[in-house]
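J.: Sequence:
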Amino acid sequence: MAELPKHARVVIVGGGIIGVSTAYHLAHAGWKDIVLIEQSELTAGTTWHAAGLMVTFGSTSETSTELRKYTKDLYSKLEAETGLSTGFDPIGFIEVASNKDRLEEYRRVSAFNRYCGIDVQEISPAEIKKLFPLAEVSDLEAGFYVPTDGKVDPVGATMAMAKGARNQGAKLIQGITATGIKKKNGVVTGVTTLQGDIDCEYVVNCAGMWARQFGELAGVNIPNQAAEHYYLITDEIKDLPKGMPVLEDPSSYGYYRQETDGLMVGMFEPVCAPWRADGNIPDNFSFQDLSPDWDRMGPFLEKAMARVPVTMEVGLRKFFCGPESFTPDLAPIIGEAPELKNYFVAAGLNSIGILTGGGIGKLMSEWIISGLPQYDVTGMNIDRLHTYQNTPKYRAHRTVESLGNVYKCHYPFKIPQTARDCKRSPYYDRMKAAGAYFTDVSGWESPAWFAPSGKEAKVEELSWGRENWFPYWEEEHR
Numbered sequence: 001m002a003e004l005p006k007h008a009r010v011v012i013v014g015g016g017i018i019g020v021s022t023a024y025h026l027a028h029a030g031w032k033d034i035v036l037i038e039q040s041e042l043t044a045g046t047t048w049h050a051a052g053l054m055v056t057f058g059s060t061s062e063t064s065t066e067l068r069k070y071t072k073d074l075y076s077k078l079e080a081e082t083g084l085s086t087g088f089d090p091i092g093f094i095e096v097a098s099n100k101d102r103l104e105e106y107r108r109v110s111a112f113n114r115y116c117g118i119d120v121q122e123i124s125p126a127e128i129k130k131l132f133p134l135a136e137v138s139d140l141e142a143g144f145y146v147p148t149d150g151k152v153d154p155v156g157a158t159m160a161m162a163k164g165a166r167n168q169g170a171k172l173i174q175g176i177t178a179t180g181i182k183k184k185n186g187v188v189t190g191v192t193t194l195q196g197d198i199d200c201e202y203v204v205n206c207a208g209m210w211a212r213q214f215g216e217l218a219g220v221n222i223p224n225q226a227a228e229h230y231y232l233i234t235d236e237i238k239d240l241p242k243g244m245p246v247l248e249d250p251s252s253y254g255y256y257r258q259e260t261d262g263l264m265v266g267m268f269e270p271v272c273a274p275w276r277a278d279g280n281i282p283d284n285f286s287f288q289d290l291s292p293d294w295d296r297m298g299p300f301l302e303k304a305m306a307r308v309p310v311t312m313e314v315g316l317r318k319f320f321c322g323p324e325s326f327t328p329d330l331a332p333i334i335g336e337a338p339e340l341k342n343y344f345v346a347a348g349l350n351s352i353g354i355l356t357g358g359g360i361g362k363l364m365s366e367w368i369i370s371g372l373p374q375y376d377v378t379g380m381n382i383d384r385l386h387t388y389q390n391t392p393k394y395r396a397h398r399t400v401e402s403l404g405n406v407y408k409c410h411y412p413f414k415i416p417q418t419a420r421d422c423k424r425s426p427y428y429d430r431m432k433a434a435g436a437y438f439t440d441v442s443g444w445e446s447p448a449w450f451a452p453s454g455k456e457a458k459v460e461e462l463s464w465g466r467e468n469w470f471p472y473w474e475e476e477h478r
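Note that the sequence shown ends on residue 478 in this note's numbering; no numbers are left out.
These are calculated hints, taken from the structure and not from any lab test.
All values derive from a computational prediction rather than experimental measurement.
Any given hint might turn out to be false.
Claimed, not checked - Computed Cβ-Cβ distance ranges for the label pairs, DEER-style: (1) 289 - 309: 35 to 41 Å; (2) 392 - 474: 38 to 44 Å; (3) 289 - 73: 43 to 49 Å; (4) 289 - 241: 27 to 33 Å; (5) 312 - 427: 54 to 60 Å; (6) 241 - 196: 52 to 58 Å.
All C-beta atoms in this analysis are idealised placements derived from N, C-alpha and C, irrespective of residue type, glycine included.
Go ahead and model the full structure; you've got the sequences and the hints to work with.
T.: Structure representation (structure tokens):
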């Protein structure tokens, strides 16, 4: 283990892909005295078991899309810089639409992604079958194909950036457990560890699923929550076609890619299981997984495997369950903490840490150095979050919904249903009696529209068109 310095300009806590990327980009920006500390080994928390998708398709946030584009480009270049392979393989990516509502959503997403410079091609079920011969396509409407997306090795990408950071003078020290923050007059002055203290000007909390509990030590609110996340790897599939793109079918809860001589089937089930919502994650949870809940996951697994029927005909090499952290609104938690000057956070990546890791690190370095990141970070900024979102009950309930929303159809007027009634105005009862339909606005129960007398204030069916309440809303404005 390298000697722990007494002073650094920046101390980064956490050696997953986000922390390492932040160190890499600060070092490449010319900053010196950068120290990253990791309580175990690099990638030991979540990064090591990530599925390794590198996908630019899917976001309707220009910022998130640009982060993905930058990350993919970085992974393609790191080997030339460091000599270490990231495993990036642009085999392509297909998102499939199994019904009319999904088709409408992905056409809208595609239009936006093309505006952002991504080559998205709408393809027929027959073309999907040609690219991914093992897929069942008879019930599909269309696919959305990005030829240059693909997969990456999460550990390889992290280690390549780690070498790139070290080559520029950054120190990445493993086996160092952070225990707290030193501060004076509301400003960070250092980090305490089991191995000694480090004075510093900036701290960056990149502790992943430990970020919340480490933030609590400094009085910083970080309401991310770990939850179970699953994938399976099949036994050998004979005559497995080579070079198939990554396939994703949210309606079946699954994504599919080649893994050695078999297939990986990853899942985002509609009803998830939070992990340790009422307690802290152990410091020694390193390179570990969780026991799969076969009974809970069985129906979701069966539906996911039906999209690629051969997965039901071969044995299972591994059914993996590992925790990842999720946030109340499925957006990352990044930026300078409002409670403490020069304390930055980059955590809560909602399973997109690998495919945005390079971009997040670049964004954090810009924010720390100049105080102004290149992109609009309004929807990701930590200052959007509130302390009421950090209770065990809130996190447990909202995480079930937020993870479940990953693969649900993202209708324009869909609102959170869990962890509601956190705040009510003095007028709540009168507005409810008047037929108000309430939405969640920063925890406040806020009226969106009013149902007329004799009508129940409810959304009968989510839609991409006019929902049942539109005439009520229209009448309010006459």
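J.: Take the hints in turn and mark each one as holding or not.
T.: Going down the list of hints, with the structure as the test:
no., hint, result
1, 289 - 309: 35 to 41 Å, "27 Å, violated"
2, 392 - 474: 38 to 44 Å, "42 Å, holds"
3, 289 - 73: 43 to 49 Å, "32 Å, violated"
4, 289 - 241: 27 to 33 Å, "29 Å, holds"
5, 312 - 427: 54 to 60 Å, "55 Å, holds"
6, 241 - 196: 52 to 58 Å, "54 Å, holds"
In this structure, the earlier hints numbered 1, 3 are contradicted, and the remaining ones agree with it.
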